[in-house]
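Q: This is what each chain is made of:
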Amino acid sequence: MLRIKSPADGFYSETIGSTAGLALTLNSAELPSPLQFLSETSQWDDARRIYRRVCVLRATGKNHEAAELENTEFARALAAARIASNNGDEEAAVLAAEAERVTSACVLAELLAPLLAERLRAEPVTAAALQSVEAPVIREKEKPATPASVRPTPEKVPSIADLIDGMLSQETFPSRP
Amino acid sequence: MIPASVEKPVPAAAIPTNAPNVTVARSTGTSAKTKTVLVGFDFGTNKSCVLAGTAGNNDIAVSKVVPTVVGYVKDGIVDGIVAGNRSILFGDDALQNMLHVRLVAPLADGVIAQPDSARDFLKHIRSLADPTGTAEIRAVVGIPANATEQAREDIRRCAYGIFDRILLIPEPFLAALGYRDDGRLGQPNYIDPVVNSLFIDIGGGTSDICLVQGYFPKPDDQISIAFAGDAIDQILREDLNRIYPNNGLSTTKVREIKEANGYVGPSRKPLDVKVVIGGKSHTLELGDVLARAGNALIDKIYPALTTLIQRASSDSVVTLLQNIIITGGGSQIKGIDTLLQKKLTDDGYENPKVRIAGQDYKRYVALGALKAARAARENQWQVLLG
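Chains as they are written, first to last, in this note's numbering: chain A, 8 to 184; chain B, 1136 to 1521.
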């Protein structure tokens, strides 16, 4: 939310939003006009967002799609942003920042993926739980045609450790026949 | 040729008086040893399997199938005859030197029959899992379904001082855990055997049948029958001795004949088997003999199988019937899956499917045991206290 005040002395101040109860009051002498500010931010946000998609496509090996997006949508957004601010330094900073973000995300994913996979394997209950969250729609669509695809009665499989707990709770077994 | 004989006393053999009285305590913390090796151990009557790896990763550093036999070198054997002049041999080494050793089978009918030999064998297993001898060993050991408390206690007493922490878990349940394809969990068409299956684990000493339905099997979910590979060997031997007196075939040879030719179902005559008796080659017709021995197993297993099917809930039984899995050495008997499935179909069970676990049947119990070892919580381990 943006609210603009217009004092009689020609100065104005603005209160931007009220996120988390924090109102930020800025002196108009240090800022471009509010409309200009809005316009620039929006244009650079568009360019930033589209360039991020370009970087993601490149990171996932979709170079052709990346080039297409860069030459069309991104070129338009960048042109609009340049018109709005005409600031070469900002342009370079925005592009570098987005490239850096995507690179960092890729590294993080590379580290996390095997850890998550390992955890899911070690904790089958997690996998089962995830499936049970995602499954309803899929199950409805893939209505079992044969008894083999019917989900068994126990909907949720305990972890191996829980199964061991179950064993330990059984105090004694009867003698073998 | 000296017939190879393996001492197999009755399972009720007493633990020696000098064996420690073992107290079990729940684990509360880590020991002073810096390295921990997790062991999945299938202590089988005829064959054992050990899988081991260090804690903290999923690597399997040791994977061995070892015949469950200990060979004590006989007195008077000349130096150099036995490699390394060892006094005790294990597994294949013992069998290969059967002329020079007294072979002892530590287990009979799935439980410890020779405690001293069992301890020696467990020490050997420990040395395989941890050659340095310095690591803390945490072992999950497979036991027959419905093993008595005495049978469990015997294992604990034999393992005292060899394994630091232990968990005893029924073998068919471990087989289900081992058979589970963790990479396919969550896939729409994959039925997790731990969720709903019926495992038939046919070993040397016992045939264990177990309902596995997403919780730890209760006593009523498991049936253990003291009739398995060894009992088939016994029937074969008796028939062979009756039909071909003084054949001189060793226990090992009879087992080899069964493993190569064993089958169930209608007699497949003629079934000629070549053997060497008294140094001469003979051809024995064993069609009927092998059928009688194999079908005796079916006669024991089938009533137990149907008993457990009837105990399954009506909600789960249809899927259960699709997921009957045979593992253990007995799964290699030709036609066993087909015959059990046919009998179930003929008796009116709804579209049953009986499958063989696969060529890795020797490792499923140990693999399940190692998975359990990796997943066990600290306070679930039992510490063996003298």
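Read the hints as simulated data drawn from the structure, not as lab findings.
Take the hints with a grain of salt, since some may be wrong.
What the hints assert, rightly or not - Computed cross-link-like contacts, SDA-like style, restricted to lysine to any residue with a CA-CA straight-line distance of at most 25 Å: (1) B:Lys1353 / A:Glu75; (2) B:Lys1497 / A:Ser176; (3) B:Lys1415 / B:Leu1375.
As the list claims (entries may be wrong) - If you want the ones that stay clear, here's a sample from chain B, every Cβ over 10 Å from chain A, calculated: (4) Asp1210; (5) Gly1219; (6) Leu1302; (7) Asp1407; (8) Ser1416; (9) Gln1445; (10) Gln1494; (11) Arg1512; (12) Gln1515.
Note that beta-carbon positions come from the ideal geometry of N, C-alpha and C, so glycine has one too.
Q: All hints are to be evaluated individually against the structure, with a verdict given for each.
A: To see whether the hints hold, each was checked on the structure:
1. B:Lys1353 / A:Glu75: violated (62 Å)
2. B:Lys1497 / A:Ser176: violated (29 Å)
3. B:Lys1415 / B:Leu1375: holds (17 Å)
4. Asp1210: Given a closest Cβ separation of 38 Å, the condition holds.
5. Gly1219: Label holds. Min Cβ-Cβ 40 Å, cutoff 10 Å.
6. Leu1302: violated (7 Å)
7. Asp1407: Fine: 38 Å to the nearest Cβ keeps aspartate 1407 (chain B) off the interface.
8. Ser1416: holds (43 Å)
9. Gln1445: holds (16 Å)
10. Gln1494: holds (23 Å)
11. Arg1512: violated (5 Å)
12. Gln1515: violated (5 Å)
The structure shown violates the earlier hints numbered 1, 2, 6, 11 and 12.
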